[in-house]
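> Sequence:
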Amino acid sequence: MLFGQLVGEWQFEGIEYNPDGRRPTDKGEIRFAWVLQGRAIQDLWIEHERSDAQRKIYGTTVRIYDPGIDAWRITWMDPVYGAVQSLIGRKAGDEIVMEGKNAEDNPIRWIFSQVTPSSFHWRAEKLVGDTWQKYEELSAHRKK
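Sequential numbering from 15 applies to the sequence shown in the numbering used here.
Note that these hints are calculated values from the structure, not bench results. Note that CB positions come from ideal geometry on N, CA and C, so glycine has one too. Certain hints may be false.
Cross-link-like lysine to any residue pairs, in silico, SDA-like; alpha carbons within 25 Å at most [as the list claims (entries may be wrong)]: (1) Lys158 <-> Arg87; (2) Lys158 <-> Arg69; (3) Lys157 <-> Gly96.
What follows is a set of in silico ranges between Cβ atoms, one per label pair, in the way DEER data are often shown [claimed, not checked]: (4) Ser100 <-> Thr39: 25 to 31 Å; (5) Leu141 <-> Ile83: 17 to 23 Å; (6) Met91 <-> Lys148: 21 to 27 Å; (7) Arg156 <-> Ile83: 27 to 33 Å.
Model the full assembly from the supplied sequences, consistent with the hints where possible.
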């Protein structure tokens, strides 16, 4: 139930941290559901609003548990930007940490934290030198 606790519909507000100092914001929804006869969890990330002129993100993530590595294999796809991202996810303390590499082959991690039945926080970080640098985060609340 690591990701099963997220099944349902959520609304979010987020912010990006761009290298040039811009801080665009967005709002949208995330829908998590069991798929493939309960063998995977898929989500849909849908941006409804952005504070800048960038195209809105419409993506999906598929997560399957792999008992051979005792972790979740995760694939994110965003057809708007042509992005496909593979990560490995595990529980780490009170967080869910998903680790992989970006298109430039640099380490990244996406983290679910402060998970409760009605809310969670999510952040994306990349390794810059020896320091993890946040490049995106959002706060989500379960839809009633």
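> Work down the list of hints and note, for each, if the structure agrees.
Okay, the hints, checked on the actual structure:
Annotation: proposed proximity of Lys158 to Arg87 is violated, straight-line Cα distance about 30 Å (limit 25 Å). At most 25 Å may separate the alpha-carbon atoms for a hinted pair to count; Lys158 and Arg69 exceed this at roughly 28 Å. A threshold of 25 Å between alpha carbons decides the hint, and for Lys157 with Gly96 the separation of about 29 Å lies outside it, so the pair is violated. Between Ser100 and Thr39 the beta carbon distance is about 28 Å. The supplied range of 25 to 31 Å therefore holds.
Checked against the given bound of 17 to 23 Å, the beta carbons of Leu141 and Ile83, roughly 21 Å apart, stay inside it. Evaluation of the 21 to 27 Å hint for Met91 and Lys148 yields a pass: the beta carbon distance comes to about 23 Å. For the pair Arg156 and Ile83, the beta carbons lie near 30 Å from each other, so the given range of 27 to 33 Å is met.
Checked against the numbered hints above, the structure breaks hints 1, 2 and 3 and satisfies the rest.
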